[in-house]
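**Student:** Single-letter residue listing:
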Amino acid sequence: MKSTAENFDVHNFIKEIGEINTKLIKGTGTLAGIDEIDVGTAPKELVYEEDKLKLYHYKQEGKITCKVPVLIVYALVNRQYILDLQPDRSIVRNLLQHGMDLYIIDWGYPTKSDMYLTLDDYITGYLDHCVDFIRKRAGKDKINLMGICQGGTFSGIYSALYPEKVKNLVAMVAPFDFSTNDGLLFSWSKNLNVDSLVDTYRIIPGDFMNSGFLMLMPFALNIKKYVDMLDVIEDREKLLNFLRMEKWIFDSPGQPGECLRQFVKDCYQGNKLIKGELRVGDRLVDLKNITMPLLNIYASADHLVPPAATRPLNDAVGTTDKTLYEFKGGHIGLFVGSKSQKELAPALATWLHKRDGEDQTKTSAKPESTRTKKTGRTTSDRRRSLKDTGRNKTK
Amino acid sequence: MESTKDYFDIWRKSQELLFGNLTEMTQKFQQGLQGLGGNVEGMPGFGGFQDMYTSWAKSVMNALQGTDTADMNFVKETLSKTLTCSNAYQKLYEIWLPFFKAIQEKSTSPNSYKDLIDPAKFKEMMDRVFGFDPTAVPQIVEEATKLLETLAGYSQGFVKPWLDASGKSFKEFPNMMAGHPESVMKIFHTLFRAFDSTVGRAFHVPAVGKDREKIELLLRSLDDLSVYLAKRTEYEHLMYVTGLGAFKKVIATFADKVSKGEEFKRFDEFFDLWIDVSEKAYYALFQTQDFSKMQGELLETSAHLRQHNFKLMELYLYDFPIALRSEMDDLYKTVYDLKKKVKSLEKQIGEVHA
Chain A
2 MKSTAENFDV HNFIKEIGEI NTKLIKGTGT LAGIDEIDVG TAPKELVYEE DKLKLYHYKQ
62 EGKITCKVPV LIVYALVNRQ YILDLQPDRS IVRNLLQHGM DLYIIDWGYP TKSDMYLTLD
122 DYITGYLDHC VDFIRKRAGK DKINLMGICQ GGTFSGIYSA LYPEKVKNLV AMVAPFDFST
182 NDGLLFSWSK NLNVDSLVDT YRIIPGDFMN SGFLMLMPFA LNIKKYVDML DVIEDREKLL
242 NFLRMEKWIF DSPGQPGECL RQFVKDCYQG NKLIKGELRV GDRLVDLKNI TMPLLNIYAS
302 ADHLVPPAAT RPLNDAVGTT DKTLYEFKGG HIGLFVGSKS QKELAPALAT WLHKRDGEDQ
362 TKTSAKPEST RTKKTGRTTS DRRRSLKDTG RNKTK
Chain B
-11 MESTKDYFDI WRKSQELLFG NLTEMTQKFQ QGLQGLGGNV EGMPGFGGFQ DMYTSWAKSV
49 MNALQGTDTA DMNFVKETLS KTLTCSNAYQ KLYEIWLPFF KAIQEKSTSP NSYKDLIDPA
109 KFKEMMDRVF GFDPTAVPQI VEEATKLLET LAGYSQGFVK PWLDASGKSF KEFPNMMAGH
169 PESVMKIFHT LFRAFDSTVG RAFHVPAVGK DREKIELLLR SLDDLSVYLA KRTEYEHLMY
229 VTGLGAFKKV IATFADKVSK GEEFKRFDEF FDLWIDVSEK AYYALFQTQD FSKMQGELLE
289 TSAHLRQHNF KLMELYLYDF PIALRSEMDD LYKTVYDLKK KVKSLEKQIG EVHA
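Protein chains in written order, with the working numbering: chain A, 2 to 396; chain B, -11 to 342.
Be aware that a few hints might be false.
[What the hints assert, rightly or not] Here are the simulated lysine-lysine pairs, DSS-like style, with alpha carbons at most 27 Å apart: (1) B:K329 - A:K113; (2) A:K225 - B:K245; (3) A:K60 - A:K143; (4) A:K248 - A:K343; (5) A:K113 - B:K245; (6) A:K27 - A:K16; (7) A:K143 - B:K331.
[To be verified] These stretches of chain A come out as covered by chain B in the derived footprint (C-beta under 8 Å, 3 or more residues): (8) 114 to 123; (9) 183 to 189; (10) 207 to 221; (11) 224 to 234.
Read the hints as simulated data drawn from the structure, not as lab findings. Even for Gly, the Cβ is constructed at its ideal location relative to N, Cα and C.
Given the sequences, and given the hints that come with them, work out the whole structure.
**Tutor:** Shown next as structure tokens:
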């Protein structure tokens, strides 16, 4: 056995410090050569505006093969350009290449004048106005909704309130069952006095939200990430991609107080959505009204929105055409991971293409639970597979 | 007593003396506590735990003694900006250096971690990771001291809790000397309770007269500050203790590998192990309901402090020709309601035309 002293190479250690400093110096040169951190570069045009909201339509340079337009609804937290963060890892570009006709909502940066905006304003106001605008513009009665994270929850609520306007619903890493404590955000929010927070801030600062997100993995996100950055600091493209992600992470709009108050109280703390007790404005949200085809995508290693919060949607909806898609990865990897580009985006496009024709939706006249009793089969037995994508990723 | 004025002069002086003595006694007690922590043979790690008590005590004492300006900087975001630069990595070297030295001197063992950690550097590191700002001490207006001097007329009731707390704290000292971090928190809680039942009571005394509202708000703010800092101390303590526990585990793991003859060529190997173990330790902590509750309470106390300070600011700014926060809130509400009405009417018009 070697002695302890022999196990530690002090010369190597000193050399290592030298290497790091050299990297930092060289990296400074690389950094100085980056003028702009470009994100969201897929060509698009502004087609509708309302208050701070902007609706964009992506330019389709190829042929539109999926006739029904898709509206992408992102969360109020962070920015929607994560879907088009870098040209070679862009869900948006990927879907465009697959012949989709894409629209996306940019919620903007709320200021104190937006502090009274409610969940109702966002869903039956802004979102509904965007849907109506696209329906009119495209000459379609229904459009496809693709909601992401909190935007997925909004889309789910919207689809339950306005099923006649939604052709297909895609929910990506969207929480619906908030009873879980799997994710730290779910556990922490249950002890959060949101009234006190909203009454103090009015608009909850993005910086405050970020602090919470960083706390989820304090060492990895506050130290290791930057240490790892040193490995790519001399490579302009890799560094630029790092900076793009960094920009997105800290590009955090504030949260309108009243909307957040209801979302935390009714969803995170009261779990009213899945229980059918959530009221948006004066309307009760019944997820059984989701009678259009549903593609529910969750990430198996999602630390922000755990599978336990997303998967139950499939048991709560009224449609029989429902697909549960497992993405093996994390929340962010679902948007920018290479696997996401190779597998998820094509699968999503295929799923939508298959449901692009005349309305073939099988709506359930009776609640899901009744049918389940009659057939004796569980909902999971009836989960559809995505064999047509060439990959059987469906659970 | 020759006149009413004389009576009040004597009364005021006696109160000043009492308060002065109390302050001096507390400061001495505090210094004694610091000294005891820092000079214990074989326990160089104590200063780090003392810092939290000192931080709280200093903050509160500063608030009582007062300064010239009403600088509200202390009301920082509870979980605000965290370290976002790679120099944390460099910082790690400083923390690890004694450990490397120990390896070379063949004195590494899982039990020797306390001797290997410079608590000040470790605390600095943890402050950076979690965004704690040790310099964010409160700055409260000088008038607060005068108000408290006037209100603090509780002679017997004022001193007794401190004496009791001192006795309890001294009983806890052996445990603290034995290296139990939780005993530091016990002492802290004892002293905080003494503070809360003496000076803290003054924060809740009803004020009278023309500036009643202003004075009461000021007192409530002081109370909020004290409660917030106490809660933050608890929170930070939990973070440090968890970090130290993780550190101990890292050294135990490493010592075990070294004893089996494994080689460590690069610093990254230490670093990765430390990150991995620490992350797991904190994740385990963060998952507990106790932590969730504590974090919720911390946020609530910080929000209360902010709210009272906003109200105070409004009172002070009322005579200036500027729109106040509450006035703007009203305006925003009106604009919001009007916008809604306009949109609804536009929709109705659109439907009629269609």
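**Student:** Each hint needs a verdict: does it hold in this structure or not?
**Tutor:** The hints, checked one at a time:
1. Distance hint between B:K329 and A:K113 is fulfilled; the C-alpha atoms sit about 19 Å from each other, no more than 27 Å.
2. With a C-alpha separation of about 23 Å, the suggested pair A:K225 and B:K245 falls inside the 27 Å cut-off, and the hint holds.
3. Of the supplied pair hints, the one linking A:K60 and A:K143 holds, its CA atoms being roughly 21 Å apart against a limit of 27 Å.
4. Proposed proximity of A:K248 and A:K343 is supported: the alpha carbons are some 24 Å apart, at most 27 Å.
5. For a cut-off of 27 Å, the pair hint linking A:K113 to B:K245 is broken: about 56 Å separates their Cα positions.
6. For the hint linking A:K27 to A:K16, the alpha-carbon distance of about 16 Å falls within 27 Å, and the restraint holds.
7. Of the supplied pair hints, the one linking A:K143 and B:K331 holds, its CA atoms being roughly 23 Å apart against a limit of 27 Å.
8. With 5 residues having a Cβ less than 8 Å from any Cβ of chain B, the stretch 114 to 123 of chain A passes the three-residue criterion, so the hint holds.
9. For the stretch 183 to 189 of chain A, the proposed coverage by chain B is satisfied: 3 residues have a C-beta within less than 8 Å of a C-beta in that chain, meeting the threshold of three.
10. Coverage of the stretch 207 to 221 of chain A by chain B holds [criterion: at least 3 residues with CB-CB distance below 8 Å; count 11].
11. Given a C-beta distance limit of less than 8 Å, the hint that chain B covers the stretch 224 to 234 of chain A holds, as 6 residues qualify and 3 suffice.
Checked against the numbered hints listed earlier, the structure breaks hint 5 alone; every other hint is satisfied.
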